[in-house]
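Build out the structure end to end from the sequences listed, making use of the hints.
Quick note, this note's numbering runs 3 ahead of the 1-based positions in the sequence shown.
Everything labelled a hint here was simulated from the structure, so no lab data went into it. Please read all numbers here as calculations on a predicted model, not as lab measurements. Treat the hints loosely; a few may be bogus.
Said to hold, decoys possible - Below, computed lysine-lysine pairings styled on PhoX-like, alpha-carbon distance capped at 25 Å:
no.	residue 1	residue 2
1	Lys120	Lys253
2	Lys247	Lys115
3	Lys247	Lys114
4	Lys18	Lys70
5	Lys126	Lys114
6	Lys247	Lys119
7	Lys293	Lys39
8	Lys130	Lys115
9	Lys130	Lys120
10	Lys352	Lys247
11	Lys126	Lys115
12	Lys39	Lys18
13	Lys355	Lys337
To be verified - Restraint ranges, calculated between C-beta atoms of paired labels, are given here:
no.	residue 1	residue 2	range
14	Asp341	Asp108	46 to 52 Å
15	His233	Glu203	19 to 25 Å
16	Thr302	Leu364	48 to 54 Å
Every residue, glycine too, gets a C-beta built ideally from N, C-alpha and C.
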Amino acid sequence: MPDGVRTSRFEQLRKGPVAISGPAFNQAVVRYLKLKAFGMQSLDFTGIPPVRFNALARYADMISVYKIARMPPARRTAMLVAFVRSCEISALDNALDVLDGVIADIGREAKKIGQKKRLRTLKDLDKSALELAHICSVLLDENIDSELLRTTIFEKCPPARLADTITFINAIARPPDASVHDEMVEQYGRVRRFLPCLLENIEFSAAPAGETTLEAIRYLAAIRSTRRQHIDDAPMAIITGPWKRLCYGKDGHLSRQGYTLCVMNKLRDSLRRRDIYVARSERWGDPRAKLLQGQDWHTSRVQVYRSLGHPLNAGEAVNALTRQLDTVYRQVAKNFADNQAVSLDFTGKRTKLTIAHLNGLDEPPTLKLLSKHISDLLPVVDLTELLLEINAHIGFADEFTHASEAGARMDDLTVSICAVLLAEACNIGMEPFIRPNIPALTRYRLS
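What follows is the structure in structure tokens.
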């Protein structure tokens with residue numbers, strides 16, 4: 004342990020991120036890079052059963068450094084290698100989890116700021132709107148001569164004040180399709196805290212649907228050392244309609260701040276859909292890599308098709324789905340005019356299909372009577388006794404094993420396991436189950 008440090012390097016590597024922020028993401032990436040520097044990804048572990056390998060890693064993550072130091076050299080080496088390899092993957096997953104949370108938090112914060120700004124201006128907006136409404140009522144007053152209309156309006160509201168009112172409303176009123184993109188620009192400083200670390204240390208890959216997002220990420224990585232604010236040569240395919248107002252400034256140039264925020268938003272969406280993935284990650288990796296490939300697929304192909312109920316010929320499956328879709332579509336189109344539960348809404352820019360909620364069915368008296376009879380037949384028993392009785396029938400507690408895969412030497416371990424399960428399932432904590440006079444329910448045993 005280094006001088007002046009209270010925890011060992013092993014303990015530092017075991018500790019993952021505990022916050023959702025830009026600095027927390029940077030720290031999570033640094034932890035991943037430290038684990039990656041051991042070079043375990045270059046070793047071949049194909050001969051080791053994954054279950055055994057993961058059990059070693061979990062056990063190393065639970066026990067103290069002193070217990071590991073007292074192990075035989077061969078076991079200690081195997082356990083540390085398994086820990087570093089497994090922890091490297093989980094550290095990358097944790098870093099990407101923090102990234103997902105940070106980008107989501109940026110959107111939530113921008114929305115919250117926008118709502119606060121809106122609330123602060125509502126009073127002034129109401130005042131200006133009422134003043135304009137009063138002027139418009141003069142326009143609709145048929146008793147006022149048209150030639151004297153302007154004079155009458157300016158008597159009620161001087162031109163300068165009317166111009167100020169119009170300017171104020173145009174400044175704070177939002178169109179129907181407006182969003183909180185303006186407030187998101189204020190969050191750009193948060194993105195700058197983690198963007199260099201993200202672009203330099205995380206290697207993204209893309210499925211065909213994520214190529215445009217990956218191209219934009221690589222562009223940001225290429226210009227990260229420059230300070231120019233106008234990036235008109237950036238890939239434009241990623242900018243969709245709602246983001247154009249944020250990405251393009253009043254001068255028509257592409258803004259670096261708006262474009263970066265757009266890319267981060269698209270990156271989060273693509274990561275969640277796995278259009279963008281990180282090859283070395285477990286949770287954020289390529290799901291296609293877990294599919295059967297090559298000879299393994301051809302060997303299991305017939306069995307998989309039969310278990311799913313699909314024909315071996317892909318054309319037959321597509322034709323069957325086509326016929327099914329055509330039949331259902333024709334049936335819906337035929338009954339659409341007479342279906343009172345379905346309607347079309349033409350008020351917005353796009354036509355919306357509205358489906359009414361289904362009305363609940365009343366329970367018949369016979370069903371209520373049957374429910375009462377069943378409730379009367381059920382014995383009155385505590386939840387703890389019920390769980391122990393179920394375990395006596397099926398022995399589910401015997402499936403719990405120690406992290407070291409060694410046999411447990413505790414007495415009444417089943418009682419302790421059931422107590423912990425109930426405490427977690429009911430979300431009431433361990434306190435209601437602690438009994439100092441019962442060895443299986445002591446605080447030391449349950450914690």
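Structure versus earlier hints, numbers of those that do not hold, lowest first: none
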